[in-house]
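Chains as they are written, first to last, in my numbering: chain H, 335 to 582; chain W, 7 to 594; chain Y, 4 to 408.
Don't read these hints as lab results, they were simulated from the structure.
There could be a bad hint or two in this list.
[What the hints assert, rightly or not] Cross-link-like lysine-lysine pairs, in silico, DSSO-like; alpha carbons within 27 Å at most:
hint	chain 1	residue 1	chain 2	residue 2
1	Y	LYS240	Y	LYS273
2	Y	LYS404	H	LYS580
3	H	LYS536	H	LYS559
4	W	LYS435	W	LYS421
5	H	LYS536	Y	LYS372
6	H	LYS536	H	LYS417
7	W	LYS364	H	LYS417
8	Y	LYS138	Y	LYS173
9	W	LYS421	H	LYS510
10	Y	LYS372	H	LYS580
11	W	LYS170	W	LYS496
12	H	LYS559	W	LYS364
13	H	LYS559	W	LYS170
14	H	LYS559	W	LYS495
15	W	LYS495	W	LYS421
This is what each chain is made of:
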Amino acid sequence: MSERYRMNRRLFLSSVAMLTVTAPAVSLARTISGALPWEPMASDPPTQVTAGGWQFFTPQEAALVEAIVDRLVPHDDLSIGGKEAGCAVYIDRQLTGAFGSSSRLYTQGPFLPGLPTQGYQGEANPAQRYRAGLAAIDAFLKQRDGKTFVELKPEDQDAFLTAMEAGKVELPNSVKAAGFFALLLQNTMEGFFADPVYGGNKEMVSWRMLGFPGARYDYRDHVAKHNQPYPLPSVSISGRPEWLSKGA
Amino acid sequence: MTRILPRKDVVIVGLGWTGAILANELTDQGLDVLAIERGPWRDTATDFNIGYMQDELRYSVRRDLFLQPVVETMTMRNDPSQTALPMRDFGSFLPGNGVGGAGVHWNGHTWRFWDSDFKIKSNLTNRYGAARIADLQVEDWGVTGAEMEPYYDQFEYLAGISGKAGNIKGQLQQGGNPFEDPRSRDYPNPPMDMTYAPTLFAETGRSMGLHPFPTPSANMSRAYTNPLGVTLGQCTFCGFCERFGCANYSKSSAQTTVLPVLMKKANFEVRTDSEVLHVDLHTGGKSARGVTYIDSSGEEFFQPADLVLLCAYGLHNVRLMMLSGIGRIYDPGSGEGTVGRNYCYQTNAGTQVFFDDKNFNPFIAAGALGQTIDDYNGDAFDHGPLDFVGGAGINCIPTNGRPIGTRPTVPGTPKWGSAWKKATVQGYKSTLSFSSQGSSYATRTNYLDLDPTYKDRFGRPLMRMTFDFPDNDIRMSNYLCDRMEEIAKKLGGKQYAVGRRKKGWDSVPYQSTHNTGGAIMGIDPKRSAVNTYLQSWDVPNLFVIGASAFPQNAGKNPTGTVGALAFRAADAIRNHYLRNPGAPLVQA
Amino acid sequence: MKTLALTFATGLATLALGPATAADQADQIIRGQYQAVLGDCVGCHTRPGGKSLAGGPPLETPFGALVPPNITPDAETGIGNWSEADFHNMMKTGIGHDGVRLYPAMPYPAYTKMTDPDLSDLWAYLTTVEPVSNKVEANQLPFPLNIRFSMWGWNLLNFSEGGFAPDPSKSAEWNRGAYIVQGAGHCGTCHTPKSFLGADQDSVFLQGASLQGWFAPDITNSARSGLGKWSEDDLVKYLKTGVNAHSIASGPMAEAVENSTSKMTDADLKAVAVYLKSLGSDTVVAAPAKPEQARMVTGEAVYRDNCSACHGGDGAGAGALFPALAGNSIVAQGSTETLSRLVLAGSQAVHTANAPTTPAMPSLAWRLKDQEVADVLTYVRNSWGNAASEVSASEVAAVRKELTQ
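Kindly produce the complete structure, drawing on both the sequences and the hints.
Structure follows, in structure tokens:
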């Protein structure tokens, strides 16, 4: 195979002879003329989140978030809970990236209070909102009940979250309860339903629960089968167990 | 220090649908054409990889393919009494970015506007009297359906639209849209195979005496080779259509229909990751000299050209005109100025019908796979006894079952906890959704101009959007919701819910990326910014191509009409403008 | 310009011929340009984005780098000081101007078969190419391989000079095809297996060979791995457009189609087809063993989840867009190098005027482990009527290693 000498006559040209693609060193800008650019091996897949350790949350914050996601998505006969599914890990990793720092958003001032139709006008990005919001929750509960959230009984945790959701809680340090709850809920649901590559939805648990086949791309053989259940198992971006033989 | 570059015949700002069509046409004419694109190069195999395109978080929630607000956003308010604030994240609409633009990640609904849409002002005045439209600022387009027909045909055959004609040369066709204008021939591809929900919706509609037909779709119903010789594949119903690029060449876009031919031409060049800052005008402001752009390293260039085409998406076209001093910015108080005038949107409402005993397999879907009822669209029905004008298409086009965003539950369901989970499992496969996509008619105070406070990353003022749904459009939408309720009842689920459109346009939840107007076409330079060939009245060697040209929006997606207008402009440039470059095609 | 000077001089000396001379010379140059198409000189001698024939990108041989030189008529950096005799000699013997020996990366063992008139025509054309000043250091082999004199020994062992000998028992068309394939077309340079010293193994002429991570397939008429299932029209269509019902050209063949075969005359393409389809390889290959069922199961799962959305659950593909895998001769080759490469690195298809779509296969190296690639290739090679040997994970690993170093 590779040990044999081979006389190579022709360099593999990944593009046609007259392609012009020039890319100055410091700029992303490209000038393209004469062909469709293409490179072998070119791809930009998502990076698999590896569980283990917290990259954003402190241990107390992590424990609090895990407890919250476990109430938002509780363990029941339909599926494991949010904690086991990895929702807190998902949120932790997201907060270290572009989402956490709002690097894609418009963050120029002045920051003025807006109408509800004008969307979020705050200066704090999600990373900052989590720091402040999580601290505010425990500060509030310590003050009111003498306990942190993780120390409450599940039904009391639910009651508190319900009150937060309705904006019926005055959290300290100007943290808006309903707004922070909405952020927590949105991120928890993302973690529960996104591709497992992002750290949540462990083993595609939510997809299997719903019957969502995941990253499939060809349903031509089922389009006409109206009202009939789809037979194939879910698959994620990183594949599914059936791609490898048992014991492989 | 701005570097001056060698001259080009034509500079095109933006390489999306319109940019690609114009570039291909004008290079065929022998011109030396340069396109400057703010975003990156995008190609199917490298950017829409079949192994990771199916990533809802990345492409639908984080929106990797879209314009990011840090690059450009707009400020918004509902009316001039409010202070506009920046949309720090996009919500209600999501502008595209990169080569191919939003044509990469659209759904593919491809419509023709009607003759009655083009002649809307004269038509409505004749039919219902001037008083009925007194609080609107609707304008005739200056073209007729018959004039547009060949260009619609050209775009539909370029794109390979899958559909069933309803009217061929005056002969009504069974199974098509009986309300459409006559077309010269059928669609290039037959309708797609239907999934269960739209089939049920159509059966129900038919049983009520309505006229459902397959939505004209830019998802291929079969492999297709277009007039340029480029081949598209058959859509595989993956359910990752809107917000996603197509991994297997089965959705029409610049990439799948034009670029393979265009990119090979020696007289075409594209520069990516380069943002045009403004158009440069000769002293006196009556003609364009070229454009100034900045690349991602921060270096500025002046690109001289004889002909400048703004193909940057309607909203960005308008802003570029404002930043470049082309025409006068509209002032709603005085009514003077035409740049920014007649900004319109889309007036939508939605219905969900919940079943116990049905499985709609929502993940088996395509962006334009569905059925439409046009009985209550535009002026297809008599508004005599009603208190509004305009209408909506009623569309059952379930595009996806992607679970972060699409997990319907019956009203009153909590948003978390075990009850939530149970209802979510219950509702996920057994909910049928359909919606009304309604016209958006212009008013005096819905407009675009430049924001006095907020700037972009280069220090240029953001565009300011002042918009709310006119009362007329809210009444229209409510009427359509009543009609949708009738259909919902007839569908016979265990319950249904209708979400009605309210005053106070909210910029947060997603509604539609059908922003139209701001540089509208017309026959009167006092009330339009471009003529009916999309040539600027003020700067004759500048054409402004996009939905910015729409005087108002119909109850249909804009892309078909945008594509047709692009071909019409190309025709005018090739066969008339170039005979006498720099001269107006229409005497004001 | 050289041509004009020649014309003028010839015109002065032979007034009696009048304007016919200029027209003859124009004809010769046009014929010579066609010879350059047949020989695909630009394929090696032109850099992407560079001036025509002014020097190509390096050929990475296992012996070191060789750079195709500037063959424009520039006097200092090109072949401007070569005579026509020099050119003939180089093409026929591998010995160039001033006795410099060429390495057979320049396929003179094939070009030696070209007739003198064809070489003269080619030379006439080459003298009209725009001269470009571009100094190319052609020989970048390490010592002692860079001593060209060693080619004397190589040639002794592996090279026989000589023109093409037509076979009188065959038709003119067959002979034309043979002449092109063996000569200017130099198909064997890629498609014929090589000896240890890198020479063509004539006994297995055109039966498939490996080069730089691509396996150039068997193009004899063998039913299993060659062109046996293709009609002559199929082959003509493939060479002319890059696309037919069985295959879509990509990789190095895409370049050969774009620069060379798509510009050949229909008659020549037909001749090539007639010739190639007459080459039966008479080795009877035993049917390969069926793979174990477990591999077909995992392979099918990988196929369905990665491949079927383009290549179809039935392996039928989609015309000009996605090649059919059922009955595909690339799939059936003994070597699985190309297949592994396609799956790992992806590939961009040919672009011709008749087939402009230029679709590309995406890269899946990031998603599939070696075992998964091996299983899906095994599945494809043994489904829908295909039957070919299993693929091992280590074969795939070797290709992956080459692609990522």
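task = List in ascending order the numbers of the hints, as given earlier, that are violated by the structure.
result = The structure breaks hints 3, 7, 8; every other hint is satisfied.
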